[in-house]
Amino acid sequence: MADPFVLNKKSILDRLGGDEDIFAMMLEMYLQDVDSNCATLAAALASGDPAALKREVHTVKGLLATFSDEEGAAEALAVEQKAKYGEVAGLERAVAALQARLREVAVVLGNELARLR
Amino acid sequence: MNTVLIIDDSDINLTLIKALVSKLGECTPVLFDNPLRALDWCRDHVPDLVIVDYMMPDMDGLRFIGAFRALHGRTEIPVLMVTANDQKDVRYEALLGGANDYLTKPIDRVEFSARVRNMLSLRQGQKFLADRAVHLAELVDERTREIREREKELIFRMSRAAEFRDPETGAHIQRMAHYSQVIARGLGLDAKAQTLILEAAPMHDVGKIGIPDYILLKPGRLTPEEFEVMKGHSRLGYELLKDSGSETLRAGAEVAISHHEKYDGTGYPKGLKGHAIPLFGRIVAVADVFDALTSERPYKKAWPLEDARRYLEDGRGKHFDPLCVEAFLAGWDDALDIRQRFTDEEIPMI
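Chains A and B, in that order, are what the protein sequence lines are.
The C-terminal position of the first sequence is numbered 117 in this note's numbering, with every residue numbered one higher than the one before it.
The C-terminal position of the second sequence is numbered 1350 in this note's numbering, with every residue numbered one higher than the one before it.
To be clear, the hints were calculated from the coordinates, so they are not data collected in a lab.
From a predicted model like this one, the values you see are computed outputs, not experimental measurements.
Treat the hints loosely; a few may be bogus.
Claimed, not checked - Cut-off 20 Å, straight-line C-alpha distance, at most; resulting in silico cross-link-like pairs (EDC-like, lysine to aspartate or glutamate):
(1) B:Lys-1270 to B:Asp-1307
(2) A:Lys-10 to A:Glu-87
(3) B:Lys-1127 to B:Glu-1111
(4) A:Lys-82 to A:Glu-70
(5) B:Lys-1192 to B:Glu-1239
(6) B:Lys-1018 to A:Asp-21
(7) B:Lys-1152 to B:Asp-1243
(8) B:Lys-1023 to A:Glu-20
(9) A:Lys-10 to B:Asp-1108
(10) A:Lys-84 to B:Glu-1111
(11) B:Lys-1023 to A:Glu-112
(12) A:Lys-9 to B:Glu-1153
(13) A:Lys-9 to A:Asp-21
(14) B:Lys-1127 to B:Glu-1026
(15) B:Lys-1270 to B:Glu-1239
(16) A:Lys-84 to B:Asp-1344
(17) B:Lys-1018 to A:Asp-14
(18) B:Lys-1018 to A:Asp-33
(19) B:Lys-1023 to A:Glu-71
(20) A:Lys-82 to B:Asp-1108
(21) B:Lys-1018 to A:Glu-70
(22) A:Lys-9 to B:Glu-1026
(23) A:Lys-84 to B:Glu-1228
(24) A:Lys-10 to B:Glu-1153
(25) B:Lys-1242 to B:Glu-1153
(26) B:Lys-1192 to B:Glu-1228
(27) B:Lys-1088 to A:Asp-19
(28) B:Lys-1018 to A:Glu-71
(29) A:Lys-10 to A:Asp-21
(30) A:Lys-84 to B:Glu-1313
(31) A:Lys-82 to A:Glu-71
(32) A:Lys-84 to B:Glu-1093
(33) B:Lys-1023 to B:Asp-1011
(34) A:Lys-82 to B:Asp-1044
(35) B:Lys-1018 to A:Glu-28
(36) B:Lys-1023 to B:Asp-1108
(37) B:Lys-1301 to B:Asp-1344
(38) B:Lys-1318 to B:Asp-1307
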């Protein structure tokens, strides 16, 4: 179980060269896409297709890493590795945890966006 | 302005990369969330840089690069592959498979800007070299044209020098050259050969430079001995031109030595018969004789056109190659236009 997500704004802004506008735009996009990302993840799991699940988890991994959520990204990597070797069965809990993580991150990012506005 | 093609199935990554590219300045980002649609776009557009994600549905980044590189003229366009930090094997494969460099996710602006700038510099260098190659090719074409024009002028003036020494005029060489071209066209020779004979025919009598004045300018009939000397102008012209590096001058050599040969083998200098006579020689024989007959000289009046035409017709298979005569008569209207265009009073350049 990963620790609660804490926004490390400094590390993200460092990567973005200190550009607050891009940072705010990314928060908006994350919040716009989070439902869709959770749904796509669920659909990939339901399909039983390891390649599809691997691809979607890979996307989630990148998304979490973009917001410096190393722990969330590590969880995603673990699922991605299993999917890579075709081990889809038994991943329901791990995928549900990833969905929960995506939503947890969304709450924190939503608060940050509200502060910026 | 650089066109930067960005392909990523993640909207957030597309937007992020677009924003970073836009901040570089002098760049127009073109976005695709689907690699297949991006590939379609690439068939009609040439980007200056491609930034492509690795993991995408339908076609991954490696396959995209392979397909992109297979398009005509896209082998040198810089490609940056975007991969996750943990995908070292993918990065190796990308670099071996045609990517010029890679970017790791999460994207770092400093690294991103440096790598994109490097790739765009590479592209600018390619464009500069390509533009320079085009410019040099144009320059070479222009200089070659100038040299060709100078060569044509020199040939004309050299041919005129020979003509100055006998009663024939500058207009004669223009007319017979253009008649030769009419015959070449009528025989179905290609445009290059038609131009070649147009430029080579004026040299047919250049060997007259080497004939003594007392024979060349003799007002009366030549003795058999004098005629033998006169006949030497064919070989003299050939010797003068034969070893030239210029295709036109070498064709001129062939014309010089063969334009007095006759189809039935009674001509000179070698008494060649039929198709043993070089084609250009057979063509020029018709053109030269027709112009000589239809031109006024100090010692004769110009023949009426119909009489000259009949002379050519009667000479088919004897003096002349029948096919060359047919080709000339088929272009009769063109021949009359040439006759009007190049009168003995005016001598325009070819």
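Evaluated hints:
no., hint, in the structure
1, B:Lys-1270 to B:Asp-1307, "29 Å, violated"
2, A:Lys-10 to A:Glu-87, "37 Å, violated"
3, B:Lys-1127 to B:Glu-1111, "24 Å, violated"
4, A:Lys-82 to A:Glu-70, "19 Å, holds"
5, B:Lys-1192 to B:Glu-1239, "25 Å, violated"
6, B:Lys-1018 to A:Asp-21, "13 Å, holds"
7, B:Lys-1152 to B:Asp-1243, "17 Å, holds"
8, B:Lys-1023 to A:Glu-20, "13 Å, holds"
9, A:Lys-10 to B:Asp-1108, "13 Å, holds"
10, A:Lys-84 to B:Glu-1111, "29 Å, violated"
11, B:Lys-1023 to A:Glu-112, "24 Å, violated"
12, A:Lys-9 to B:Glu-1153, "79 Å, violated"
13, A:Lys-9 to A:Asp-21, "13 Å, holds"
14, B:Lys-1127 to B:Glu-1026, "15 Å, holds"
15, B:Lys-1270 to B:Glu-1239, "15 Å, holds"
16, A:Lys-84 to B:Asp-1344, "91 Å, violated"
17, B:Lys-1018 to A:Asp-14, "18 Å, holds"
18, B:Lys-1018 to A:Asp-33, "18 Å, holds"
19, B:Lys-1023 to A:Glu-71, "31 Å, violated"
20, A:Lys-82 to B:Asp-1108, "28 Å, violated"
21, B:Lys-1018 to A:Glu-70, "24 Å, violated"
22, A:Lys-9 to B:Glu-1026, "29 Å, violated"
23, A:Lys-84 to B:Glu-1228, "97 Å, violated"
24, A:Lys-10 to B:Glu-1153, "78 Å, violated"
25, B:Lys-1242 to B:Glu-1153, "19 Å, holds"
26, B:Lys-1192 to B:Glu-1228, "35 Å, violated"
27, B:Lys-1088 to A:Asp-19, "29 Å, violated"
28, B:Lys-1018 to A:Glu-71, "27 Å, violated"
29, A:Lys-10 to A:Asp-21, "14 Å, holds"
30, A:Lys-84 to B:Glu-1313, "89 Å, violated"
31, A:Lys-82 to A:Glu-71, "17 Å, holds"
32, A:Lys-84 to B:Glu-1093, "17 Å, holds"
33, B:Lys-1023 to B:Asp-1011, "18 Å, holds"
34, A:Lys-82 to B:Asp-1044, "41 Å, violated"
35, B:Lys-1018 to A:Glu-28, "15 Å, holds"
36, B:Lys-1023 to B:Asp-1108, "14 Å, holds"
37, B:Lys-1301 to B:Asp-1344, "14 Å, holds"
38, B:Lys-1318 to B:Asp-1307, "17 Å, holds"
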